[in-house]
Amino acid sequence: MHPAEAAKPLIKFNHCKKYIYSFSVPQCCPLCQQVMSSRKLEEAPVSISNPFTNGHQEKCSFLLRPTQGTFLRDYDGRSDLHVGITNTNGVVYNYTMHGVQRDEAGWEQSVSIPLLQPGMYGLMDQWDKYLEDFSTSGAWLPQRYEEDHHNCYSYTLTFINCVLTTEGKGQLDKGEFTEKYVVPRTRKASKYITLYRGIQEHGFYVTDCPEEETNPPEGSGVC
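Under UniProt numbering, think of the first position of the sequence shown as 1, with each following residue one higher.
I should point out that these hints are in silico values taken from the structure, not numbers from a laboratory. Please note that a few of the clues may not be correct.
Unchecked claim - With a Cα cut of at most 27 angstroms, we get these calculated DSSO-like pairs of lysine-lysine:
id : residue 1 : residue 2
1  : 174       : 129
2  : 191       : 8
3  : 18        : 129
4  : 169       : 191
5  : 129       : 17
6  : 8         : 188
7  : 169       : 180
8  : 18        : 169
9  : 59        : 180
10 : 169       : 17
11 : 191       : 180
12 : 17        : 174
13 : 17        : 188
14 : 59        : 12
15 : 129       : 12
16 : 180       : 18
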């Protein structure tokens, strides 16, 4: 696996009736070559938030990354994705054909979904024990692994549903979890990758009427 590429900050500014994206604000507009000036508030540059995070710095979270390589360098929108769950120390538990792995590295560029609501300290105190006990169950032995039906996603969603049951909450099926929690973040990540690679190739990226970058609600957990 390639080491995670440190993402440069993305800037968006308005000029020539276009939205222009770059890694920094140029002295001159790349379209009309006029000196840049932000006389109007709507022309002032704004920073585009990075949808990727170092998963090993996330507690009690669902993580998503390409099975091979990294999002910014390698992901093509169709590549296989791998998922896992962090404990309170950022160790990523994930299920593969070799059984449950406990990764302390390799998830430095991930999409992260917090699983706990703010203030759920009681559950956080039990999280590591729940995750370890769940992972040592016979269901997740290497020989039980099936790429399409009993895989990393099965492992993570089953654990999330176990926690939801403990909390007296309803279960989530794969489609509901994916649509509600995963798709909004992966859609945002795909837009970011398109912008990032366009700037890398041409020095800037131009759009007519781009959709506004929206962030999933921060701090809201699944459980």
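So, going through the hints one by one against the coordinates:
For the proposed pair residue 174 and residue 129, the alpha carbon gap of about 24 angstroms is at most 27 angstroms, so the pair holds. Distance restraint check for residue 191 and residue 8: the Cα-Cα separation of roughly 15 angstroms lies within the 27 angstroms cut-off, and the hinted pair is therefore satisfied. For the given pair, residue 18 sits about 52 angstroms from residue 129 by alpha-carbon distance, which is inconsistent with the 27 angstroms threshold. Taken as a hint, the residue 169 and residue 191 pair is broken in the structure, with Cα atoms around 33 angstroms apart against an allowance of 27 angstroms.
Distance check on the hinted pair: residue 129 and residue 17 sit about 55 angstroms apart at the alpha-carbon level, beyond 27 angstroms; violated. For a cut-off of 27 angstroms, the pair hint linking residue 8 to residue 188 stands: about 17 angstroms separates their Cα positions. Proposed proximity of residue 169 and residue 180 is supported: the alpha carbons are some 16 angstroms apart, at most 27 angstroms. Pair hint residue 18 plus residue 169 does not hold up; C-alpha atoms about 47 angstroms apart against a cutoff of 27 angstroms.
Our distance criterion of 27 angstroms between C-alpha atoms is met by residue 59 and residue 180, whose separation comes to about 20 angstroms. Taking the CA atoms of residue 169 and residue 17, the gap is near 49 angstroms; set against the 27 angstroms cutoff, the hint is violated. With a C-alpha separation of about 18 angstroms, the suggested pairing of residue 191 with residue 180 holds against the 27 angstroms cut-off. Restraint check for residue 17 and residue 174: the C-alpha separation of about 42 angstroms exceeds 27 angstroms, so the hint is violated.
The hinted pair formed by residue 17 and residue 188 meets the criterion: a straight-line CA distance of about 24 angstroms does not exceed 27 angstroms. Between residue 59 and residue 12 the alpha-carbon distance is near 31 angstroms, which puts this suggested pair outside the 27 angstroms criterion. Pair hint residue 129 plus residue 12 does not hold up; C-alpha atoms about 44 angstroms apart against a cutoff of 27 angstroms. Our distance criterion of 27 angstroms between C-alpha atoms is broken by residue 180 and residue 18, whose separation comes to about 32 angstroms.
The structure shown violates the earlier hints numbered 3, 4, 5, 8, 10, 12, 14, 15, 16.
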